[in-house]
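Trainee: Here is how the chains run, residue by residue.
Number of protein chains: 2
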Amino acid sequence: MYFKERTHTCGELRESNIGEKVILNGWVDRNRDLGGVLFIDLRDRYGITQVVFEPHINAEAHQAAKNLRNEFVISVEGYVRKRPAETENPEIPTGYVDVMVEKLTILNEATTPPFQIKDDIDTHEEIRLKYRYLDLRRPKLQRNIVLRHKMYQITRKYFDENNFIEIETPVLMKSTPEGARDFLVPSRLHKGKFYALPQSPQTYKQILMVAGFDRYFQIVKCFRDEDLRADRQPEFTQIDVEMSFVDQKDIFNIVEGLMKDFFKEILNKDLQLPLPRLTFNEAMESYGSDKPDLRFDLKMVNLNSVFQKTEFKVFHDAIENSGVISGLLAPGCGDYTRNQLDVLTDFVKKLGAGGLIWMRVKEDGLEAPVAKFLSSEEKQNLINALSAKNGDLIFILSGSKLKTLNIMGALRLEMARRLDLIKADSEPKLLWVTDFPLFEWDEQTKRFYAMHHPFTSPRLEDIELMDKDPALVKARAYDLVLNGNEIAGGSIRIHNAELQAKMFKILGISEEEAKTKFGFLMNAFKYGAPPHGGIAFGFDRLAMIFAGENSIREVIAFPKTASAISLMDDSPSSVTDDQLLELHIKVRKSAHE
Amino acid sequence: MYFKERTHTCGELRESNIGEKVILNGWVDRNRDLGGVLFIDLRDRYGITQVVFEPHINAEAHQAAKNLRNEFVISVEGYVRKRPAETENPEIPTGYVDVMVEKLTILNEATTPPFQIKDDIDTHEEIRLKYRYLDLRRPKLQRNIVLRHKMYQITRKYFDENNFIEIETPVLMKSTPEGARDFLVPSRLHKGKFYALPQSPQTYKQILMVAGFDRYFQIVKCFRDEDLRADRQPEFTQIDVEMSFVDQKDIFNIVEGLMKDFFKEILNKDLQLPLPRLTFNEAMESYGSDKPDLRFDLKMVNLNSVFQKTEFKVFHDAIENSGVISGLLAPGCGDYTRNQLDVLTDFVKKLGAGGLIWMRVKEDGLEAPVAKFLSSEEKQNLINALSAKNGDLIFILSGSKLKTLNIMGALRLEMARRLDLIKADSEPKLLWVTDFPLFEWDEQTKRFYAMHHPFTSPRLEDIELMDKDPALVKARAYDLVLNGNEIAGGSIRIHNAELQAKMFKILGISEEEAKTKFGFLMNAFKYGAPPHGGIAFGFDRLAMIFAGENSIREVIAFPKTASAISLMDDSPSSVTDDQLLELHIKVRKSAHE
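Line by line, the protein sequences give chains A and B. Read in order, the letters of the first sequence correspond to residues 10 to 602 in this note's numbering. Read in order, the letters of the second sequence correspond to residues 10 to 602 in this note's numbering.
One thing to keep in mind: the hints can contain errors.
The list treats identical chains as interchangeable, and a pair is accepted whether it falls inside one copy or across any two copies.
As the list claims (entries may be wrong) - Derived pair list, reagent style DMTMM-like, types lysine to aspartate or glutamate, alpha-carbon separation capped at 25 Å:
| hint | residue 1 | residue 2 |
| --- | --- | --- |
| 1 | Lys200 | Asp240 |
| 2 | Lys526 | Glu135 |
| 3 | Lys202 | Glu235 |
| 4 | Lys322 | Asp270 |
| 5 | Lys112 | Glu507 |
| 6 | Lys273 | Glu170 |
| 7 | Lys200 | Asp444 |
| 8 | Lys526 | Asp586 |
| 9 | Lys139 | Glu521 |
| 10 | Lys269 | Glu170 |
| 11 | Lys318 | Asp42 |
Quick caveat, the hints were computed from the structure, so don't treat them as lab data. Since the model is a prediction, treat every value here as computed from it, not as a measurement.
This is chain A alone, in the form it adopts within the complex:
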């Protein structure tokens, strides 16, 4: 159990150390016997150093080393030497030296791992998650976790330097209005009562503004008991920010400064500020998405004016019903086969489109099933509107506005994929999307819902519209979008009691309901609430993008599966009835019990 502690890490030795007596501790990464001389790659998180066992240097150590297998933990003592010519490894910083071992101590043995400890292994993710402690030894995951560490530090340093105060908000709190997705925690001391885990610290950060903290931030765990979805986690991490006495521009300035730091320190890129901004309407019209990916162009075009007086019924109806006719040019795709076009038609139909109109652009005009329904002028105007050239392909969708634009946006992404428009080295593209609608109308329940949350302020110029036509009211809400991912969202909040009451009325929340649900926040607002607003970042997603990964599980040390199970510790799990008795609860035998 005694062991010689390392003098150096496995990533540290260089030619300047030649001749020194050193001790290394680490894991056996690789193991070769070349004619009686044993070479071992010794690994720790700092790197790999080759250590050498020769029988004539220390017969005992050499003999013991024969028993070493991958992932054994050892301590070696020996001298640093220059590697013989031709055996150097310029790929790693320690590759010009090795350590001739004089003394070996086996600190721990290791069973054969279920998969090799190296990148790009072909192992089912379930096995990787079950043996996460081995998975985490892989260089890529080590890099991801270190990147995440770096992002924490950049974030906190930035906010600290900008006079923000880090404040911890409770994890055991009151069940919130979105209660259906709350994780609940039964109270032992108070029978029949429950805490809830926060879906976000929203109310607390607003309370902190009432308390005068002025600039608050926190990197904080949040919880949502959602249904199975591919890339969600029941617990996730947020960068949470709130500021007082500010308007949207102040939030933007602060956030843009943080993004500049991230780009510089992680990607070594100089982010140009201010960031581009699109309104929700502009984003939908041009990209068919409220989180447009601007790494490629492929803009959609509104064709309503082209077909204003058309006799083609489909387009005519769309315009008549305040809908939209949206066009997308696929450059050089005029030679797509009928089969390829059928596949794309199926693609949009699955998303709810009635069909997909396509036209091949030829030297002598448009070739398409619907061509005969369009006038020559319309065809020419269409070609002009899309700047279409011979050999291109035109797609058109029409129908109710948001739905049609959304489907065209999906087709835009699909075409980008087919045309390979997003390269590994594409410049990352950040932008703000602003002026979201304040309300969403729900057809099923025939009522308005808050698109963001009920404390989001309308644009001041839209306040009078609230009574007349709530659907037209825009919010002081904004999203930050990176490469087509929403990475942050926030709003300026309502701090005025009268306006808040109006908001609740439109949302169909009675005074009593508001009191039950938001009582303590509403109470706080009575004692002098400053104008305030904020934003929250999805930290896991942000880390995923900066790490160049496609799943947030690759940047979380101990993630759960899509069905919220931890395969490593096998939670959730059964507990004893004694435990449940203490908590005054029991598991129902059936829904009717």
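Given chain A's structure and the hints, the job is docking chain B onto it.
Mentor: Just chain B, lined up with the frame of chain A:
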């Protein structure tokens, strides 16, 4: 709703700003009408600035200002001027200027607060907690929260600079062996199964060592569903640390460096390193506590040798039964009245002592009820052993060792309080307590328990004692003690399967039980666990001490009461039966249900 955003904070203006046009936003802190001229102290978290309303400057603003009451939120625009002579306030940095207001906007009104927003208010803590958003406006709490913020940043900067990686461990985890104090979270997706909230990330940080992360830290929320206790919180914050390939001295070095930074940056004191160390035995013998307060001396003295051959039965029995005779000198207390001595006797009796032996030191010897049982030599040796002088008072307790020392330790603290030995400006005293017993014997269940936790390594020299006499085995466990508070505790862990098995055996944990309880950690250990150890700090307590407070609630933004209730948001609370139905649980009507 439109408002003029501040150009300066309320703590910013100086004489160099005189003549500038400025805008301030803040809360009305104080409100005086001096012969038609209104003076308002405007407050934000940066400070207070006096703003002045004179009717001849802007009649409208002056008129509106008459309606201002405390805690209204306002925006004022005006000119900075030098305060007239004699009206300056040298107590505050802005006290040489004020702002002559030209324009006033009321951003929000405020109901009269239930207590005044100032320090040292005489309000019941329940009211303060209910209206925490107002309580948090008080200067002291603002300072405490900012101090806490500073401590977070110092901590992370330090560990980052020392190559530690910050890693988030799960909040939704498997119920642990100490399950009885786990908060449980029912799973919606998996009927009848539960997550547990972590009492500490202990297993995960050990897993991270197996994963090769080598140096881990995290500031992390932990949870314990304990019974009512004055200064505990159901959720509390830990600085959690673990290191690989280390021994105790390496942990000490890292921790001492952090404490040096804290002392420098918070108290502006140069902490002398290395910190003093006491073994558990030394601490108990001299201070009667495993967390001795060294801000004052008042050392206890072992008197067994003095009374080795005594005929005084009480002392004789103590020695005979391997117990202890412990003495404490109370300097200058020889004039304590019989009544005072009775009170102290009651004090130790309540703690379980049979009685308290006291002796007044007089010029001509010892005056005490028990004096007649002692020989002259014993009396003289006693006086020598305690360096007692005329006018002093001697206390003696005897009996079984740990119990007697503990009670004497409590008496030592009580005497320090009575003698006023701890001054507000006493030097803070930090020390390590080491070599704790590995096991505690429980008389009730007649078995050994792990004093720290079952993964704590014994001292290597004590391993063979484990079979012979477990009670004598010392652990490689250590506590960091500040001013008599345990602020951190940790240990070197067992990384060897054989030793771990022996440990479980002594603790009466069967192989099967170990597998159920610690299965995934034991599995991980099979794949190459490095030697490792760590420590965890109670962050709330540490912040409390640095803030000079007596309750951790004073350094937590939103604390719960001793009965785990949040008075502000009224949690825990009832939830709807629909919510419980979704979670497949119901509240028991009775314990028999």
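Trainee: Are the hints correct? Go through all of them and say.
Mentor: How the hints compare with the structure:
1. Lys200 <-> Asp240: Cα proximity of Lys200 and Asp240: across copies only (22 Å, versus 36 Å in one copy).
2. Lys526 <-> Glu135: between (40 Å within a copy, 22 Å between copies)
3. Lys202 <-> Glu235: Both. Shortest intra-copy (22 Å) and inter-copy (16 Å) distances satisfy the 25 Å Cα cut-off.
4. Lys322 <-> Asp270: neither (53 Å within a copy, 76 Å between copies)
5. Lys112 <-> Glu507: between (79 Å within a copy, 24 Å between copies)
6. Lys273 <-> Glu170: Classified as both; 17 Å inside a copy, 20 Å across copies.
7. Lys200 <-> Asp444: Answer is neither; intra-copy 46 Å and inter-copy 42 Å both fail.
8. Lys526 <-> Asp586: Answer is between: at 16 Å across copies they meet the 25 Å cutoff, but 33 Å inside does not.
9. Lys139 <-> Glu521: Result: close only across copies, 20 Å inter versus 48 Å intra.
10. Lys269 <-> Glu170: Cα proximity of Lys269 and Glu170: in one copy and across copies (14 Å, 22 Å).
11. Lys318 <-> Asp42: neither (82 Å within a copy, 71 Å between copies)
In the structure shown, a violation is registered for the earlier hints numbered 4, 7, 11, in ascending order.
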